[in-house]
Amino acid sequence: MNFLPFIISGLGIGAVYALSGVGLLVLFRATGVLNFAFGAIGALGAHVAWQLMEWDYPLPLAILAAVLTSTLISFLYGRFLAPLLSYRDTVVRAVGTLALALFLIALMGVVWGELPRRLQFPTDQMYLTLFGVRLTFTRIIALVLSIVVVSGITLLLNTTRLGLDMRALANDRDLSAILGVRITRTETAAWIITGIFAGLGGLLLADLVRLQGTFLTFLVIPAIAAAILGQLRSLWITAFAGLGIGVAEALLTPVDWISPYRSAAPFVIALVAVMILGSTAQAALKDR
Amino acid sequence: AAVCGEGTGQAATGEPIIIGAITGKTGPDDFSNSTRAAKAYFDCLNANGGIHGRPVQYMVEDDQWNPEIAAQLVAKLVDDQKAVLMVGNSSFVECGANADFYKKAGITVVAGVGVPRECFFASAIAPTNAGPRVSMLGAMGYALDQLGAKSVVCIGPNIPNVGSWSCDGVMLLAKEKGFPASTILIDQGSADSTSVMLQAASSNPDVIVLGMSKGSAVPLLVAAEEQGLNEKIKFVSAASAYDLSVPETIGPGWDGKFYVNMEFNDLEATTPDNQNWLAVMDQYGQKSDPRDTFAQAGYLAARIAEKALMSIDPANITRETAGKAVADIKGFKSDIFCAPWYFGADQPRHNANSTTRMAVSEGGKWKVVSDCAPSPDPELADIRAFEKSAGINQ
Amino acid sequence: MAARSILVDNLTVARGGKRVIHSVSFAVAPGRISTLLGANGAGKSSTVMAMAGAVPTDGGKVRLGEETLTGLPSDRIRRHGVALVPEGHRVLGQLSVEDNLLVAALDPSAAARKSGLDRVYEIFPELAERRRQQASDLSGGQKQMVAMGQAFIARPDFMIVDELSLGLAPTVVRRLAEALTLAAGQGIGVLLIEQFANLALDLAQHAMVLERGRLVYDGPSATLRENPEILHGAYLAQ
Amino acid sequence: MSVENQTLARPMAPASTIRIPRELYAIPIVMAVFTLAVAVFANSFWLTAATSAVALSLSVTGLATLYGQLGLVSLCQFALVGVGGWVTLRIGHAWHPPFELSMLTGGSVAAIVGLIFGIPALRLRGLYLALVTLMLAGGFQTIIGAWGFPDGGAGFLGRADGAGRAMLPRPDIAQGSVPYFVYVSLIATLGLLISQWHKVAKPGRAWALIRKGEHVAIASGVNVLAYKAWAFALSGFLAGIAGALLAGNVGQLDGRAFTAFESLNLFALAVVGGVYNWYGAVIAGLLLRAVPALLTDLGIDGYVTIGIFGVALFQALATAPAGIAGQIAGLIERLTRRGARP
Amino acid sequence: MIAIENLVVQFGGVRPIDNLTATISAPVSGLIGPNGAGKTTLLNVLSGFVSPAAGKVAVDGRDLLALHPLGRVKSGLRRSFQTEQVVEDLTVAGNLFAIADHVVAPSERAAAVDAALAFTNLRGAAHMLGRALNLFQRRLVELSKCLIGQPRLVLLDEPAAGLTNEESATLREMILRIPGELGAQVLLIDHDVELIRSMCTETLVLDYGRMLALGPTEEVLASPDVRRAYLGEF
Ligand SMILES: Nc1ncnc2c1ncn2[C@@H]1O[C@H](COP(=O)(O)OP(=O)(O)OP(=O)(O)O)[C@@H](O)[C@H]1O
Ligand SMILES: Nc1ncnc2c1ncn2[C@@H]1O[C@H](COP(=O)(O)OP(=O)(O)OP(=O)(O)O)[C@@H](O)[C@H]1O
Ligand SMILES: [Mg+2]
Ligand SMILES: [Mg+2]
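Protein chains in written order, with our numbering: chain A, 1134 to 1421; chain B, 4 to 397; chain C, 223 to 460; chain D, -5 to 336; chain E, 102 to 335.
One chain only, chain A, in its complex shape (with noise of 0.2 Å):
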């Protein structure tokens, strides 16, 4: 059997873990919210895409339309909703975002039902052929934006001043705000980052996965074993993690036994690494 192929196969699906991995770190690290509605918020964007191009506008507008809307949903919810939760615990927070993936799910089902759609891009067309695999410049495209996503974010974590409000607040909200820290729009700031990444990832899925509300709602799952990867704080670690989960998860394809169970490859991997990480007791630490 040639694994070649599957590992640059697993690389196109290693590229969507690796983008909402680090789309959801980049609130977490900002705002202590994981957001469970990072798949739907980008769902909504596509959908809104798909329906334009539909209607027969151009790609360019689209694609506007697309992370505007998106951008607009997450600072809805976070200017008005989020801080009705800031003083809850991290897992309740991160409930509430639940809440707004059950929303959107239902609005996309109203609205558009669960019909199999494709979202399609010219760059699907122009592919490089490595190892006997055409990797098509969409998957491309997703394999830079995570990193130049995972650049930009850790500069701007590391080195500006609305980065270091960000992680006091992530730190403890209350004392932050005791210290002057402007909680509201740093808030704001951080859920429309968010906003705009989950409306580019949501394009890229509807393109590469399928565009189907339910179904790239749920993705953010097997996104979140990156995310665990990173220990919840490294973005760089997390896009690698989500890069060599999808390839693992590819390279399992074509062994007969266990090739039905592959989906689960983002949690095993996952939990080893905790027990392995774990044990170290940095984790558990670092934790909270």
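Derived by calculation from the structure, the hints in this document are not laboratory data.
There are no misleading hints in this set.
Footprint (simulated), chain A over chain D, 3 or more residues, beta carbon under 8 Å:
no. : region
1   : 123 to 131
2   : 256 to 266
3   : 297 to 306
4   : 309 to 315
Just so you have them, the derived chain D footprint on chain A, three or more residues with Cβ under 8 Å:
no. : region
5   : 1356 to 1366
6   : 1390 to 1399
Result set (SDA-like, lysine to any residue): computed pairs, CA atoms no more than 20 Å apart in a straight line:
no. : chain 1 : residue 1 : chain 2 : residue 2
7   : C       : Lys240    : E       : Asn235
8   : B       : Lys107    : D       : Ala168
9   : B       : Lys107    : D       : Gln169
10  : C       : Lys336    : A       : Asn1291
11  : B       : Lys235    : A       : Phe1264
The beta carbon of each residue, even a glycine, is placed where N, CA and C say it ideally should be.
Here the structure of chain A is known, so what remains is to put chains B, C, D and E with the ligands in place on it, guided by the hints.
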């Protein structure tokens, strides 16, 4: 104009006859087209004298793809509402959850779209459709006869009693006919379609048979096209991908390359009953109700129920009399079916619809490419034997 | 800037559904040190937390000159120039010592941040040695230094310090006392809560005593030093 | 130790520090009234819905113990319900023992699995732990999806071929839907009593210390690992029993009903129901099964139902920090206080 | 008696305890030193939360480091924390039962809790919830917990921090009763020199991980090194 029942043009006003249905509307896919069509037909019937003056009260419930809810709902319809028949059912989970209940409650089900194996292996359930396995083997038969298939890969969903059941049929046929075949079962939740296609292509098949819902089949086709497999390999699918939107969604890259099985007549066929179905949908259905193969199934189920109920004393329509009337149906003809439909009284299982057609994706539409042909599913042996002994379809 | 005072007017605070501050009124003047004394549970922390917007008020007003502070979120109050050092050495544990200080610097210019850091490190050389260390790993007293540093670096008009000496070694307390006196000399108003009444009264010119959520003394600290029975009465009343 | 060391332990009339809490009486009474009302008034549809709701409340009470008492979040509780159901069905189909035996085995296996699932938790806390358990739920979803639930056939996986599915028979004493509902209520009451007892007794105090901090707990002599492990096992056991009762309700289960999302949903509704009062679990059970049933009964579209759920979930999270049960408790307290005044 | 021998604690590059050798034997002894001197770390070593890189510790002749933290509690080691750790949603009595559950036989628990409450004068507050307590009451609860189940060694980390003079005086009287009434040795950290002076017969001064002085409190406090390093006098 739509023709239903006695065609009196008089609204039925008598005591309603309760008919229930369970459908999978909310969930991974919307399966409610069958019950929508049945509803349109019953509305038409009620507007035309009903069953000897008694209207049908058609109660449809959404099981949300959850067997627990399906069981709750059947208790509601059968125990609480006292339905006399179940008609047009269309669900992924309902047969498995309720087959036993139906048998115990003594109620007969004329299902619209049966999917898992349980829908075809129950004494009280008789679907109008052929089912994924029969349909997939119908496609397989076409691939062998017309596409010259030499080596086959079957891809099915990793759902017990659905995907493995269908692909097992292909494997059995392969053994009988002596061609190489392999099976790939995939998790519908998996995002990685490209790897699946690479795996399928790695054994160099000339035909790949798909047995998934349209929602999972489309990404696979997209991934295959991305890898240029549409140029090398023929793709055929069970009727589950036979949806009007599919050819347009997958695009021109698949013109003449993606074949799909049809459990019923062409959706646009100009034959009388098919035209009547379309007329019923236009006159009594919602504009948004899809006119697809599942809707045909629901329409037929409603017509079969109508025929059965018409044959009994309207004052004495009970679960027993209605069930018996359905059981007695033989030679129900419609140009939407390839062969007349029958219930097969006293049979432990029912699969009357086992003769199918094929279509190919062409210019954003389906083009019918074959006549009715019996599905070569080896598992149909008992059905064929019964048909022979009862003198049906010979 | 015109020298404004913080005016607390009939402040009422409830914690856990129970009134713990009953219509308290006082003023904190600029350029001098005031101290708020009282037994544990008298409501000192509740009073200053309410002033800083960190707990909701149940009635009354807090004003800074003409502006009303009540109802503002705590970050706005901080930006109005009122810096609170909360009780119990709270720091941002996941951030480094230096980031802890920088996040509290309100003037974003690089020069201001630099001089602010220098000033804090001058008062607490211990922190300079540990500027890269994660704050959660600090000792209790070192955390308190960070918390004090966070107030200094904000260059506030008013500093409210809850439990100044808590967990600090005598040398450090002495350094802090000097720093506060210096700050008051530069026009900053300081409100001090301190367990060691003697230390507080030595530092402060003005003193207030809380007893079960009510103000029982408001006047020069010297008077209190000469009449310790006022204080004793308040402490024993608890 | 010498005699003078004993001064502390001099026996005196101990302050009434240990009282049997009111809840331990309240649980059977409230549950009896509820059961009677449903058994008398509900039709078949509502009976099946109520049976599922009560069975699931048992799994919620396990979750609530972990979260409310230890601050630990388990997002794989529904997977454990699945484990309990799977084992119960397997045993039932393979050896046809009395239902109780299959059920207890199901509960015990789920407890063991819960314990194994809890092993990473022995070190982790907070969101990190929650996500790790979510990974477990995700893995379970894939595996059970591929395996499927046994449906009465032979062999390890027990797939039927030929004839239709076999159904798991209900307990002999509770064949009909009303008796079975009463049976489920009875077991749920026992489960609620067990978990409530844990909260007010020694384990509850140990858990409270662990919640405060592990060093604090150790300094008080608490064996942190053992108490955490026990909590996970108890929670798993209750989930497993819930799974067994669900299997008995329908006679079978379906692998696709045990997705990671269901576990998330279970946790969300546990929070909405309230994790600090015993009846929060019952409320959550009703929210999980009875409220959707009501919406279905009213003919509301499935997607709209999901949307209503989303909005209601947020509303409850934002306005009722202690859940609906917390609000009820507050109300009861206010009423009794007012009642006591005159 | 606590015998510490060549104790070293290392956190990465930091050495909060650096080759410390000391023997502390007074019934109530004090532990003082500048912030970050390693006082809490030493307590953490004694209670087993920090494993030293090297060295030995023996309490009453028994090797302490060989014992698991829980074993140390069972054999009579008690401690309080620098930030008080009263459980908010347990009553005062519940807070005490939480430790009695593990160190006292079931039949004697109620009596042991009651005795501890009586010792610290908290009987009246037995049914108050932890969250309603003020700082002094919380410190008293912490102290009470240290008295349950035949303590041998009680370690208190800044028990009087944040208390007024009157309150510390009350607390001091209680602590002073411990060795006599319960037979336990007490080691306490505080920055309040007057408090240390008035209750500890022996005091150990730490300075950045090393021993600066050890001996009778008055002598230690009079030592010029201590006056300079800790009290800031010259
Ligand atoms: N979150 C709370 N819930 C209920 N009661 C509270 C809460 N916080 C404080 N209290 C009560 O409010 C009263 C005043 O507390 P506060 O902390 O303001 O007092 P303090 O004078 O600062 O005392 P301390 O020196 O103990 O900090 C106390 O009786 C305390 O028990
Ligand atoms: N986990 C850790 N990692 C790194 N350094 C640590 C860690 N814990 C403590 N330290 C360092 O060890 C030194 C000693 O800390 P310790 O808490 O023992 O001080 P302390 O004497 O109790 O001081 P204080 O009186 O301020 O509480 C400090 O400099 C602290 O920064
Ligand atoms: Mg205070
Ligand atoms: Mg310390």
